[in-house]
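Those sequence lines, one after another, are chains A and B. The opening position of the first sequence corresponds to residue 1043 in our numbering, with each subsequent residue numbered one higher. The opening position of the second sequence corresponds to residue 281 in our numbering, with each subsequent residue numbered one higher.
The hints are simulated quantities; they were obtained by calculation from the structure and are not laboratory data. Any given hint might turn out to be false.
[Unchecked claim] Heads up, simulated DSSO-like pairs for lysine-lysine below, C-alpha to C-alpha not over 30 Å straight-line:
1) A:K1245 x B:K311
2) A:K1239 x B:K372
3) B:K411 x B:K346
4) A:K1361 x B:K411
5) B:K411 x A:K1245
6) A:K1134 x A:K1330
7) A:K1212 x A:K1284
8) B:K372 x A:K1406
9) B:K372 x A:K1361
10) A:K1134 x A:K1176
11) A:K1361 x B:K311
12) A:K1361 x B:K466
13) A:K1350 x A:K1134
[Claimed, not checked] Each pair of labels, with its calculated beta carbon distance range:
14) B:H463 x A:D1167: 53 to 63 Å
15) B:A473 x A:M1423: 36 to 46 Å
16) A:P1255 x B:G470: 52 to 62 Å
17) A:D1342 x B:M314: 15 to 25 Å
18) A:V1247 x B:A409: 48 to 58 Å
19) A:P1255 x B:P324: 57 to 67 Å
20) B:P324 x A:N1173: 27 to 37 Å
21) B:P397 x A:V1247: 45 to 55 Å
22) B:T360 x A:I1108: 29 to 39 Å
23) B:E348 x A:I1341: 38 to 48 Å
Glycine is no exception: its CB is placed at the ideal position from the N, C-alpha and C atoms.
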Amino acid sequence: MTSVVATNQTILVVGGGISGMTAALEAAETGKQVVLVEKNPYLGGRTVQLYRYFPKMCHPTCGLEINLRRLKANPRIQVLTLAEVTGITGTKGAYSVSVKLKPRYVNSNCTACGECGKAVSTEIDDEFNYNLGKIKAAYLPSNMAYPQRYVIDPSIIGTPDADKAKAACKYDAVNLDDQEETINLSAGAIVWATGWKPYDAEKIVYYGYDRFPNVITNVEFERLADPHGPTGGKILRPSDGKEAKNIAFIQCAGSRDENHLRHCSRFCCMGSLKQTHYVQEKYGDEGKSTIYFIDIRAIDRFEDFYQKVKANPNVTFVKSKVARITEDKAGNPVCNGVNTEGYIRYANAHDLVVLALGMEPAVKGVNIPAEVMSDSSGFLMADPANAGIFGAGCATNALDVNRAVQSATAAALRAIQVVNKVARAEA
Amino acid sequence: MSDLNQEMADRYKNNFLKEIEEQAEMGEWVKMCMQCGLCSGSCPTNFHSGWDHPPQEIFMLIRAGKREEVLNSQGMYMCTSCYNCYVRCPRKVPVTHVMHGIAEYAYRIGRAPKAQPTMHLSKTFWTNATKTGRVNEVQLTQSLYFKEGIGAGIKKAMEMQSEALGLVKAGRLNPMEALGMGHKCKDIKGIHAMLAKAEELEARNKAAKGKE
Ligand SMILES: Cc1cc2nc3c(=O)[nH]c(=O)nc-3n(C[C@H](O)[C@H](O)[C@H](O)COP(=O)(O)OP(=O)(O)OC[C@H]3O[C@@H](n4cnc5c(N)ncnc54)[C@H](O)[C@@H]3O)c2cc1C
Ligand code: SF4
Ligand code: SF4
Ligand code: SF4
Ligand code: SF4
């Protein structure tokens, strides 16, 4: 049985992405007890799946490393991975929370030596790489994964593969008898930071994501550009592995659309502008990017970034929401539409089309197991009725990392005030 | 040019957007358009040579107050009601219906071209269908076939003979309709009264608008 120390002076943080980690660290560094609950087997959330960050084009691992160092140095944070909050009862200052813990089948003895991975033969979808490839059923989710501990996929439990994994481990780290369990904890305040997920591309029928292999999403493109990704950082298109040098980016794929997501996802213009850098970086002047847009929303200080991309002769901007994607005989995706600057009809073939998908909340307001207010897109709203539950990061809005972290700090401050009140009452 | 056209132009002075909003069916949607171009890109008739302005451009022209350009355009008559734009528009603008609304308005104020084929079809259909409350398919087809003269009509009718016979056999076409028989609404008088009332109300509504 997993044991967790928690009282009404504890702050529970749900979601261990950049926002949840920030909130947990800010609170713990002021001396509060924090329990951080993360659904994945590792911390970091979606940012660790990015190749580089705008606006400075640094690697996300850098920011993550700093946070992990702060985390390891802080004894007041208890981290639960493969954990999901299933119920919240009580009120501000005295919540009772149930958390479901999934088995990892690997204990803290693990040195991440990798022998178990070599021993098993079953392969599963590589979720970290948005299923662009396959991995062994005993795996480390990513190089940077924290904790640095292997995971054995439940699908091989009870098969000879599981026994092979156990036999391969020299450190007695594999425990095939691990069971799912539910634990209950107390908390005075809750920071809800479950982040976002990309909009389901298949729903935008006229872009044919499910029909054309060379129509991919922005999150997949991040993995293609990453040297740790499934192609070793080469931008190769899925249908035939050809180098994709002429790439189209379709903005507002699913966002600003009454039939899909009503909101502007805010980061995706910058996301595509950033991704044109990847094309330039890999292929130099041979790499051509075309951005199809309604209007470019590079908000406030990002304007400079936009102007620089605009000045790049290898990047073309077409003011048009692409109406339809078709495929030519060579398997090239073709963007069809009307350029609204001059009303010129076009049918442009590209090597690869990247849909700049918008964000929706990973856990919509209605699915949060507590009384909370959310907007029409399901993002958590600040509301006095939420009392001691505070949203942070992309659970509250479509945000870039900078803004997500700001909102996480704000949420931590609010949570601290609640547990301070509890402490005064209990004193 | 008709008096109504001049009257409307005077009444709304330089505010063509307001004129469309108040006078054309669904015209109030024009300002919801965000000019993304999806409708124009989706429009199949955009390949047609007569198609001078796709929907998004019509909406832009309206907002820019280009009254003459819009009223002289063929765009709104070329719409085939395929509804591509309607289902895709990210602002949920009922593009198809707005296009028809503008076409109907242009017709009402005497600005529609005389020999516009889709308008001819609409008018013929309307007259035909409102007569008895049900469409008289035989007479409708006849009046469309013989539009270009007796010779052309007979030729067309011969071409379509086997289709027509198939429809008759399947019970989908009643040859007696040629003589004005066939299906009708039970209360034709009632239908006519209802349509007259609707027309009266609409005319009153539209006349009242823009006069305050
Ligand atoms: C293609 C793309 C490129 C981007 N590029 C940039 C960029 O260059 N620069 C930039 O600033 N921003 C960028 N962003 C935005 C950035 O990814 C987000 O701002 C950031 O991920 C927000 O972090 P978060 O912690 O709020 O959410 P997330 O990263 O989504 O983290 C949420 C965490 O909560 C966990 N979780 C979810 N549900 C539960 C649950 N029920 N219980 C427990 N845990 C749960 C998740 O597993 C995850 O670990 C990009 C986004 C995309 C899509
Ligand atoms: S579980 Fe054992 S074999 Fe697998 S990586 Fe960890 S220590 Fe190595
Ligand atoms: S940020 Fe840009 S691409 Fe994303 S929804 Fe807003 S306008 Fe569209
Ligand atoms: S699709 Fe809708 S919003 Fe876009 S241009 Fe057409 S009418 Fe306007
Ligand atoms: S409904 Fe009319 S305007 Fe709309 S796409 Fe079809 S033909 Fe074009």
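Hint-by-hint comparison with the structure:
1. A:K1245 x B:K311: holds (27 Å)
2. A:K1239 x B:K372: Since the Cα atoms of K1239 (chain A) and K372 (chain B) sit roughly 24 Å apart, the hinted pair holds (cutoff 30 Å).
3. B:K411 x B:K346: violated (38 Å)
4. A:K1361 x B:K411: violated (48 Å)
5. B:K411 x A:K1245: violated (44 Å)
6. A:K1134 x A:K1330: At roughly 54 Å apart (the allowed maximum being 30 Å), K1330 (chain A) and K1134 (chain A) break the hint.
7. A:K1212 x A:K1284: violated (42 Å)
8. B:K372 x A:K1406: OK: K372 (chain B) and K1406 (chain A) at ~24 Å, within 30 Å.
9. B:K372 x A:K1361: Status holds; Cα separation ~20 Å.
10. A:K1134 x A:K1176: violated (44 Å)
11. A:K1361 x B:K311: Holds, at about 19 Å.
12. A:K1361 x B:K466: violated (55 Å)
13. A:K1350 x A:K1134: Not OK: K1350 (chain A) and K1134 (chain A) at ~48 Å, beyond 30 Å, violated.
14. B:H463 x A:D1167: 53 to 63 Å: 59 Å Cβ-Cβ, so the 53 to 63 Å window holds.
15. B:A473 x A:M1423: 36 to 46 Å: Given about 53 Å between the Cβ atoms, the range is violated.
16. A:P1255 x B:G470: 52 to 62 Å: The hinted range 52 to 62 Å holds for P1255 (chain A) and G470 (chain B), with Cβ atoms some 59 Å apart.
17. A:D1342 x B:M314: 15 to 25 Å: holds (22 Å)
18. A:V1247 x B:A409: 48 to 58 Å: Since V1247 (chain A) and A409 (chain B) have Cβ atoms about 34 Å apart, the given range 48 to 58 Å is violated.
19. A:P1255 x B:P324: 57 to 67 Å: violated (27 Å)
20. B:P324 x A:N1173: 27 to 37 Å: At roughly 36 Å between Cβ atoms, N1173 (chain A) and P324 (chain B) fall inside 27 to 37 Å, so the hint holds.
21. B:P397 x A:V1247: 45 to 55 Å: violated (32 Å)
22. B:T360 x A:I1108: 29 to 39 Å: violated (60 Å)
23. B:E348 x A:I1341: 38 to 48 Å: holds (40 Å)
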